[in-house]
Amino acid sequence: MRIESPRSASEASELLKHGEPLRIVGMDTKRDFGSPVESSTVLSMQNMTGIVEHSPQDLVAVVRAGTPLADLQAELDEHNQWLPIPPTKSPLDAVTAGFPGTVGGLVSANLPTRWDSWTRGVRYWVLGLTIVRANGEIAKCGSKAVKNVAGYDAQKAFIGAWGTLGLITEVVLRVYAKPSSTPESNLIMAGDWDGVPPLAIARAPIADALTYAQSTFPDRHVIDIVTGTIWAPTRTKVDAPEGGWAMFAGLGDKNWLPAKANLDWMSNLKRNLDPQNLLNPGKLDGLL
Amino acid sequence: MIRSDEWLAQGLASLLTETQIMRGEAGQMRFTIAMRTTPSKRNWTPSSFHCSTEEVAEVVKWCVKNEIPFTPRGAGTGLSGGALPALGGVVVSLTRMRRILQIDPENRALLAEAGCPNIALTKAATPFGLHFAPDPSSQTVCTLGGNVNENSGGPHTLKYGVTTDHILGLTMVDAAGEIRRLGGLTSSQPGYDLLGLIVGSEGTLGIITEAWVRLTPNPIAIRTVLAAFPNPRLATETVSEIIASGIVPAAMEFMDGTILEAVEAAFHVGLPLDAGALLLVECDSLHNAGQADNEIETVVRICRSNKAIEIRTAKTEDERAKLWLARKKGIGAIGRLSPSMVTHDGVIPRSKLPEVLDFVYRTVSNEGLRVANIFHAGDGNLHPIILFDDRDSRQVAKVVEAGEKIMRLCIELGGSVTGEHGIGVEKIDLLGEMFSEADLRLQEDIRRSINPGDLCNPGKVLPTQKSCVEVKLRRRVAT
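Line by line, the protein sequences give chains Y and Z. Using my numbering, the first residue of the first sequence is number 971, and each one after it goes up by one. Using my numbering, the first residue of the second sequence is number 20, and each one after it goes up by one.
To be clear, the hints were calculated from the coordinates, so they are not data collected in a lab. Some hints could be false.
Unchecked claim - Straight-line Cα separation of at most 30 Å, DSS-like style, residue types lysine-lysine; simulated pairs:
no.: 1; chain 1: Z; residue 1: Lys334; chain 2: Z; residue 2: Lys142
no.: 2; chain 1: Z; residue 1: Lys417; chain 2: Z; residue 2: Lys326
no.: 3; chain 1: Z; residue 1: Lys347; chain 2: Y; residue 2: Lys1110
no.: 4; chain 1: Z; residue 1: Lys348; chain 2: Z; residue 2: Lys424
no.: 5; chain 1: Y; residue 1: Lys1240; chain 2: Y; residue 2: Lys1059
no.: 6; chain 1: Z; residue 1: Lys348; chain 2: Z; residue 2: Lys334
no.: 7; chain 1: Y; residue 1: Lys1059; chain 2: Y; residue 2: Lys1207
no.: 8; chain 1: Y; residue 1: Lys1110; chain 2: Z; residue 2: Lys178
no.: 9; chain 1: Y; residue 1: Lys987; chain 2: Y; residue 2: Lys1207
no.: 10; chain 1: Y; residue 1: Lys1240; chain 2: Z; residue 2: Lys142
no.: 11; chain 1: Y; residue 1: Lys1148; chain 2: Z; residue 2: Lys178
no.: 12; chain 1: Z; residue 1: Lys417; chain 2: Z; residue 2: Lys178
no.: 13; chain 1: Z; residue 1: Lys80; chain 2: Y; residue 2: Lys1240
no.: 14; chain 1: Y; residue 1: Lys1148; chain 2: Z; residue 2: Lys80
no.: 15; chain 1: Y; residue 1: Lys1207; chain 2: Y; residue 2: Lys1110
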């Protein structure tokens, strides 16, 4: 296994121009989600770290994608600001906080957290991205303004794409003033579970979440009753909730339970943005 | 392929009933009035009115087969020309598809047809203590489909997020005429965020016919204040300070002395006429009233420290409506001041508001023109309204000049050339100034992944789409 650690978007661009398949890695906290990536070369984000710009008065931060979330939080904390991701004091905390690692990983996976009903989640915080495309071209989307409808909302393509459409090298984020108190928990827990994967994350229509969790994961589960999100340890693939979805860690290429709709559009996106399948190849197998 | 209007109308008549087709001068008038602009005569077009997704699909398939451009249209309130048939062809009007199909209070969701007016969604949700958060100023008429296509904002999207944060699922007719369903009752589905790409695509990726929207619980406490300042600078500094304090008000709206003067002359609301600017700030809370009280206290303190000359507080819903009146009626009242006006829509980082607004006043007055400002200050979304007389071609040139200077400054500061009105045909040149060619190639790759053809609302959004269109709308003459 070879590890490449570019220090900038332009170095990453040179690397991508070699046309070699790459497994993109931040802190690798979400490794077991999705299908295994088939690549002997790792593109590590460890040298693309640091806060480029933090404007406390605007509540906006520009951050290199390899920056550990903990580092970003420490910087923001000096101004009594933060990205509202729940603290992870226990392994179970980490599960319901979406396995925090790097900023790029946060955006690429777009996993739910237990504060989603309050904070609206990752998708809402992303104002802009810098992307190195599979062909090495560097492109930006969005802006540093908190409101922007100029052109297509292109950054949406990369949020939750697990690195398969482009390499995120820089993120423009909304940040928040730290509130005096955090909201009461929306969680219902069943069984004794320390949060160690393998596990399933599912989202059901709010009204069905409890029934789904009780019948599908009768022994152990955690439910966010306001968003209908369910986390559970499981070693077998279960059905997705009706009208909802499920994803798994540790089940190889059976890790996704998507709606079987519009896969042609998703394939078109992959083909037009990464025609040679160089970026995290295989990650979305079973889905696309 | 250029076809005669009569040929188009006859073709549509084979798919629809005669009452679903509008043609002749009536159609032309309708666009002229609704858009308040002058589409070239060559471009007027038969419009078809649809009553079902299936009918829309039939018409689109027919257009594709005959290589005829088609353009979706809602209430036509858009301010960037997105609903104009830039290449002629068929205008697909969704205004007869206005039913609310399902309300699901338990799941805080509602399914409605694309032609449903924005306000009707909130009306339908009110009995359940819920509402649809995006509230553009045109909300009494603008349609859900238009909101989705333009990713509309509104005063309260400062706290609650713009349209894309409130759309759970869509039914649409794609650019080939196939009916598609995206999303559903749950958000964040695995796979690429197609829904997020289609919201805000200005009708260029297909025709949206239905949407599942997320409903938001009504706040239990709303506190509203209207503060008057001696000049705009003190008001904008107040805005920056409120944002920096960490408070996210439900809404924070700015109105300058020119707006004030127009509103007072038209509606006699009793506004403090010696004020140079007004700030309307609303704080609300979903869970505990104390929070809204605390926030508004801080807001009032910041207003006072910035020399507010008067602060009015609403104690009842009636009083709240009164405080909002100046904001709601502001744009309309401006009509008294000038025969023509142009409304811009730039966005800047919020801390830059004081200097940018100074720049706006300076730039416009240097051209010998007047400007009125009424905008969503909390988002940094400026709407400078330049007043002029469009019969005077020298004035028109100056208006264009001043507008472009303001937009360039927005770009320089890392902001955007449009916060909620869209690119449409109006700002297609500016997009190329905001984004590099590489950035635009990425957008084009996204477009062709979902719409590989060039018939669905052509000539909009991307400069690459422009070459085939004669864009004469260098300026947008509004209201």
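Evaluation of the provided hints:
Between Lys334 of chain Z and Lys142 of chain Z the alpha-carbon distance is near 23 Å, which keeps this suggested pair within the 30 Å criterion. With a C-alpha separation of about 35 Å, the suggested pairing of Lys417 of chain Z with Lys326 of chain Z is violated against the 30 Å cut-off. Distance hint between Lys347 of chain Z and Lys1110 of chain Y is unfulfilled; the C-alpha atoms sit about 36 Å from each other, more than 30 Å. Of the pairs offered as hints, the one joining Lys348 of chain Z and Lys424 of chain Z holds, with about 28 Å between alpha carbons and a cut-off of 30 Å not exceeded.
With a C-alpha separation of about 37 Å, the suggested pair Lys1240 of chain Y and Lys1059 of chain Y falls outside the 30 Å cut-off, and the hint is violated. With a CA separation close to 21 Å, the supplied pair Lys348 of chain Z and Lys334 of chain Z stays within the 30 Å bound. Proximity of Lys1059 of chain Y to Lys1207 of chain Y is assessed by CA-CA distance (about 28 Å); at most 30 Å being required, the pair is judged to hold. Straight-line distance between C-alpha atoms of Lys1110 of chain Y and Lys178 of chain Z comes to about 26 Å, which keeps the hinted pair within the 30 Å bound.
With a C-alpha separation of about 38 Å, the suggested pair Lys987 of chain Y and Lys1207 of chain Y falls outside the 30 Å cut-off, and the hint is violated. For the hint linking Lys1240 of chain Y to Lys142 of chain Z, the alpha-carbon distance of about 41 Å lies beyond 30 Å, and the restraint is violated. The suggested pairing of Lys1148 of chain Y with Lys178 of chain Z holds, with an alpha-carbon distance near 16 Å, which does not exceed 30 Å. With a C-alpha separation of about 36 Å, the suggested pair Lys417 of chain Z and Lys178 of chain Z falls outside the 30 Å cut-off, and the hint is violated.
A distance of roughly 26 Å separates the Cα atoms of Lys80 of chain Z and Lys1240 of chain Y; the hinted pair therefore holds under the 30 Å criterion. For the suggested pair Lys1148 of chain Y and Lys80 of chain Z, the alpha carbons sit about 53 Å apart, so the restraint of at most 30 Å is broken. Proposed proximity of Lys1207 of chain Y and Lys1110 of chain Y is contradicted: the alpha carbons are some 38 Å apart, above 30 Å.
In terms of the numbered hints stated before, the structure departs from hints 2, 3, 5, 9, 10, 12, 14 and 15, listed from lowest to highest.
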